[in-house]
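**Student:** Protein chains in written order, with the working numbering: chain A, 912 to 1356; chain B, 69 to 198.
Just so you know, these hints were derived from the structure itself, not from any lab.
Glycine included, every Cβ here is placed at the ideal spot set by N, Cα and C.
Treat the hints loosely; a few may be bogus.
Sample of chain B residues at the chain A side, in silico, Cβ under 7 angstroms [unchecked claim]:
1) Glu114
2) Glu177
3) Val184
In silico DSS-like cross-links for lysine-lysine, where the CA-CA straight-line distance does not exceed 25 angstroms [said to hold, decoys possible]:
4) Lys155(B) / Lys948(A)
5) Lys156(B) / Lys948(A)
6) Lys1162(A) / Lys129(B)
7) Lys950(A) / Lys156(B)
8) Lys160(B) / Lys948(A)
9) Lys1096(A) / Lys1337(A)
10) Lys1221(A) / Lys156(B)
11) Lys188(B) / Lys156(B)
12) Lys1221(A) / Lys1176(A)
13) Lys1348(A) / Lys1096(A)
14) Lys1162(A) / Lys1221(A)
15) Lys1257(A) / Lys1171(A)
16) Lys1096(A) / Lys1162(A)
17) Lys1025(A) / Lys968(A)
18) Lys968(A) / Lys156(B)
19) Lys160(B) / Lys968(A)
20) Lys1096(A) / Lys156(B)
21) Lys155(B) / Lys960(A)
22) Lys156(B) / Lys960(A)
23) Lys140(B) / Lys960(A)
24) Lys129(B) / Lys950(A)
25) Lys160(B) / Lys140(B)
26) Lys140(B) / Lys1287(A)
27) Lys129(B) / Lys160(B)
28) Lys964(A) / Lys156(B)
29) Lys960(A) / Lys160(B)
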Amino acid sequence: MAATRQAIMGQGLPPEAPWVVFEYPLFLVDSDLTPIKEKCHEIVDALTKWQPKNNKKGVYNKPPVEVTGTDYEEALARANYLFLENNWGDGLAIFPPTRSRVDWILTGTDRNPKETVGGSGKVAPKAGILTHEVLATCMAMAGGRPEYMPVAEAACKTIIEKQNTLMTSSGGAYQGICVNGPIAKQIRLNSRFSLFGPDPKHSAGAAIGRCISLVLMNVGGHVAGQGTIAEYGEMRFTGLCFAENEDSLPKGWTTFTEEKYNRAKGTNSATFFITFLGGLRPFVHRGSGNEPNFETEMQESFFRAANVMKSVWTANYGPSPGSPGIMFYNSMICRNMANIGWTKDKIRRRLAELLFVTQEEIKDRTDIQRAAAAAKVDISNLPGRIPLMTDPQNINFVCAGGDHPSLAMWLAGVMLLGNVEIQLPKNWDALLAQAEKDLGDIPAV
Amino acid sequence: MKKNRRDFLKETGTAVGGATLAVMTPLAPAAERVNLSLLDPTGAQEVTHLFAARLPDLNGKVIAELAVDPTKWQPHRTMPYIEELLKKQFPKIQFIPMQTFPMGLQVSEDRVIQMVADRKPDAVIIGNAG
């Protein structure tokens, strides 16, 4: 019911509705429908008698909240407890978003604090209004810094433009941000070892990712069991926030955003995406070492890649060009492949060839047979190898991860929602200089 | 009022387990409390639409049905049963079946709302939420 409330608020209605609530068993296959008969009078009342408590149009703001303590340590603890009690925290400790801390974070944008992000500022499903001040509040809570704001703003523009509600569903969808351009190094965003964290020398991804999670939760209403019914939640503390290792790409290989979004290399941009098919699937890229040559080792790595790429997640079947995903190869693997003539297009074509199921694999699958019958498809007339990825362009490549020959990573079920150019504030150099004072020199790698 | 251990120690200056709070004897001036004013992270909420007035009676009224999927949450069984029960009470009630409109997450899209409005129903039943 709480999830429905968020959806209703997202339609611009007051946070209540004339609903009739039934327990889950009613909605299962072959269920007993008696509860409907028992509550039929409630359905009639909802259509004829119900009245909302609040029925006035307008914008409803909430004032700051106060906490006190005998000393700062106690006040800090009370702030954390209050935020959890209000469903505003994520379970990890927060920095209290005081006026002074939020104002400091706001030095990372030239925008007016009260200006909404990305037009309406409304974040689905609840349609809370995201201003730059609210974004800075979430960034402060996440332990972020001013120079992280441009990436967070860019990601939020996509969130607001696309109004995607997949993360409200029971599936384990979670969000990700891929950053391209020199800003990644400047703000210490990771592109190598421990790509998805933690890495104290590259802490930006944790704070930015957590900030976006807090925006989705607080402004969008993605609260566990209320605005989202994700059963497992998966990587929702921070999502994925990383950079492409552009400097180490092999000669002739383009960056992810050059290839996908036609961005010039060196353009700062943030790609916001959601992954929803079980997310990260590592596989062993390296062979056993007894292969006759390097080409064979590379070729055989594709078999292992295909194994993790082809698992089918859903119970609904239909014609599909293949589920999009991102293949993470670190720069060592990229260079090794490039040295023996493999291009991104050649790799994706070969991987797509290996993504198939056979007649033998589906001969006992009543679910697939039923879907085929509904679509009037004669399974016996299908080819011996039934392709799962008819459009190889759904295999995206990002060069990132620690430079080691062992593993590569397939991120399944990726919905690329948008790529936005990052706008830097006028005081950018001063922000970076302050970051060097606070955090030390930018790591060489 | 029951005091916690910290308050007890503060007010008495008692030394316990090797820890002493001697500077916090009752004779010492009371320490100033720390106050933190914290900004709201949830953003403002805008109410742009109000609920329609309820119907005085369902007899002779047209009720549209919207479903978030055709079978998974069993609307193919629950909606017809609701129709049947309401028809018993209000013999002149009419329904626009859920199959008339798109199903899935798009039920909240403007185009679907417009499709419903074009049929000029008096009320809408939406179900079955997951």
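**Student:** If a hint holds in the structure, say so; if it doesn't, say that too.
**Tutor:** Status of each hint after checking the structure:
1. Glu114: Because about 5 angstroms separates Glu114(B) from the closest Cβ in chain A, which is inside the 7 angstroms limit, the hint holds.
2. Glu177: Where the cut-off is 7 angstroms and the nearest Cβ of chain A is about 10 angstroms from Glu177(B), the hint is violated.
3. Val184: violated, 13 angstroms
4. Lys155(B) / Lys948(A): OK: Lys155(B) and Lys948(A) at ~13 angstroms, within 25 angstroms.
5. Lys156(B) / Lys948(A): It holds: about 11 angstroms lies between the C-alpha atoms, which stays within 25 angstroms.
6. Lys1162(A) / Lys129(B): violated, 70 angstroms
7. Lys950(A) / Lys156(B): Holds, at about 15 angstroms.
8. Lys160(B) / Lys948(A): holds, 19 angstroms
9. Lys1096(A) / Lys1337(A): holds, 18 angstroms
10. Lys1221(A) / Lys156(B): Given pair Lys1221(A), Lys156(B) is violated - Cα atoms ~52 angstroms apart, limit 25 angstroms.
11. Lys188(B) / Lys156(B): At roughly 23 angstroms apart (the allowed maximum being 25 angstroms), Lys156(B) and Lys188(B) satisfy the hint.
12. Lys1221(A) / Lys1176(A): Violated - the C-alpha atoms of Lys1176(A) and Lys1221(A) are around 32 angstroms apart, more than 25 angstroms.
13. Lys1348(A) / Lys1096(A): holds, 16 angstroms
14. Lys1162(A) / Lys1221(A): Not satisfied, since the Cα-Cα distance of roughly 30 angstroms exceeds 25 angstroms.
15. Lys1257(A) / Lys1171(A): holds, 16 angstroms
16. Lys1096(A) / Lys1162(A): At roughly 20 angstroms apart (the allowed maximum being 25 angstroms), Lys1162(A) and Lys1096(A) satisfy the hint.
17. Lys1025(A) / Lys968(A): Roughly 20 angstroms between the alpha carbons, so the hint for Lys1025(A) and Lys968(A) holds.
18. Lys968(A) / Lys156(B): Distance ~38 angstroms between Lys968(A) and Lys156(B) Cα, so the pair is violated.
19. Lys160(B) / Lys968(A): violated, 35 angstroms
20. Lys1096(A) / Lys156(B): violated, 70 angstroms
21. Lys155(B) / Lys960(A): Cα-Cα ~19 angstroms, so holds.
22. Lys156(B) / Lys960(A): holds, 19 angstroms
23. Lys140(B) / Lys960(A): Given that 25 angstroms is the threshold and the Cα spacing comes to 30 angstroms, the pair is violated.
24. Lys129(B) / Lys950(A): OK: Lys129(B) and Lys950(A) at ~20 angstroms, within 25 angstroms.
25. Lys160(B) / Lys140(B): violated, 30 angstroms
26. Lys140(B) / Lys1287(A): Since the Cα atoms of Lys140(B) and Lys1287(A) sit roughly 21 angstroms apart, the hinted pair holds (cutoff 25 angstroms).
27. Lys129(B) / Lys160(B): Satisfied, since the Cα-Cα distance of roughly 7 angstroms is no more than 25 angstroms.
28. Lys964(A) / Lys156(B): violated, 31 angstroms
29. Lys960(A) / Lys160(B): holds, 19 angstroms
The earlier numbered hints that this structure contradicts are 2, 3, 6, 10, 12, 14, 18, 19, 20, 23, 25 and 28.
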